[in-house]
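In order, the protein sequence lines correspond to chains A and B.
Take 1 as the starting number for the first sequence in this note's numbering and just add one per residue.
Take 1 as the starting number for the second sequence in this note's numbering and just add one per residue.
These aren't lab readings, by the way, just hints derived from the structure by calculation.
Fair warning: this is a prediction, and the values are worked out from it, not measured in the lab.
Just to be clear, a hint being listed does not mean it is correct.
Since the list gives no way to pick one copy over another, a pair counts as held whenever it fits inside one copy or between any two copies.
In the BS3-like style, the derived pairs of lysine-lysine whose C-alpha atoms are separated by at most 27 Å in a straight line are [to be verified]:
| hint | residue 1 | residue 2 |
| --- | --- | --- |
| 1 | Lys14 | Lys120 |
| 2 | Lys14 | Lys69 |
| 3 | Lys120 | Lys20 |
| 4 | Lys154 | Lys5 |
| 5 | Lys120 | Lys154 |
Protein chains: 2
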Amino acid sequence: MVGVKVERLLINYKTLEDFKQFQAYGAQELSMLEDLQNEIVENDSKSPFYGIYYGNTLIARMSLYERSKLYDHYFNPPQDYLVLWKLEVLPDYRLRGYARMLVDYAKSFNLPIKTNPFIKANEFWEKMGFESASYNLERDLGENPYIWMPPGVKEAIQPPQQNTDDKKEKTKN
Amino acid sequence: MVGVKVERLLINYKTLEDFKQFQAYGAQELSMLEDLQNEIVENDSKSPFYGIYYGNTLIARMSLYERSKLYDHYFNPPQDYLVLWKLEVLPDYRLRGYARMLVDYAKSFNLPIKTNPFIKANEFWEKMGFESASYNLERDLGENPYIWMPPGVKEAIQPPQQNTDDKKEKTKN
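Please construct the entire structure, taking both the sequences and the accompanying hints into account.
Here's what the structure looks like:
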């Protein structure tokens, strides 16, 4: 990994073009492009993406966002935490430790982290030291929440489950 | 479609076994299984899933949850709305209109609906009358939000974007 490092990506036309190589290209990237075109953000603004360049090629990236403890329902005590998504390495560069480099970078902020992996990726996240959070319907809906905690942080205690029948009555009215 | 209808699924061992046929089987289903095993929910409790049986086979399903208007950041005026996820038809039964039957059922509650499709499914959701919601980083993070609105409902106006540089400073501290 000599000469290869994780860096915060800047929003400019080159970055947004690089992003098209990634499978998870979607609403987020299109919104960044619009913001740049409409001058809502300046050229070379910092983005929520971090990436790894191999020479001039962006070969891996992830998005990272800090949520306030006011919205923390995952950790105990409630605290600021990072949400990580769109972790992806381009196919030709996989299995060389780049994904781990990005995850380690995210951990270096020393805040708890929450992500929502594809089910098929559970094993990868467990290797990264993440664990499956106790699923809570109201909080998680369609998610498969995985969390990582620095020392001293625990998973939040889940509120007692509401009887699903009660919830049901609310849905059809 | 004679004799085929959408029904609310009951949580029991047969349903939970049927769920294993679906690709999106994951944390939510495992949690339902645990709740049943630990008698936190009764056998045959109502679930957040709706499905279609073909004979004795569960061939399609979706999950539906009603969010209170207190948490509505998608619609104007703010109102109770449905979150739809895990819409899936088993491979052998695709392209016969079952997905549309489920979506039409969700619409029949006459509440706005929000979903988070895979990018590749955008076209399907547009055919279903959904539209891409304006992406908002803080609200949507890794999502690709699509919404459907009954008459009289509009999309929520987005707050002005924060400069990404400001946000940035918050992340690394």
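Structure-based check of all given hints:
no.	hint	result
1	Lys14 / Lys120	between (31 Å within a copy, 24 Å between copies)
2	Lys14 / Lys69	neither (35 Å within a copy, 40 Å between copies)
3	Lys120 / Lys20	both (23 Å within a copy, 14 Å between copies)
4	Lys154 / Lys5	neither (30 Å within a copy, 45 Å between copies)
5	Lys120 / Lys154	within (25 Å within a copy, 37 Å between copies)
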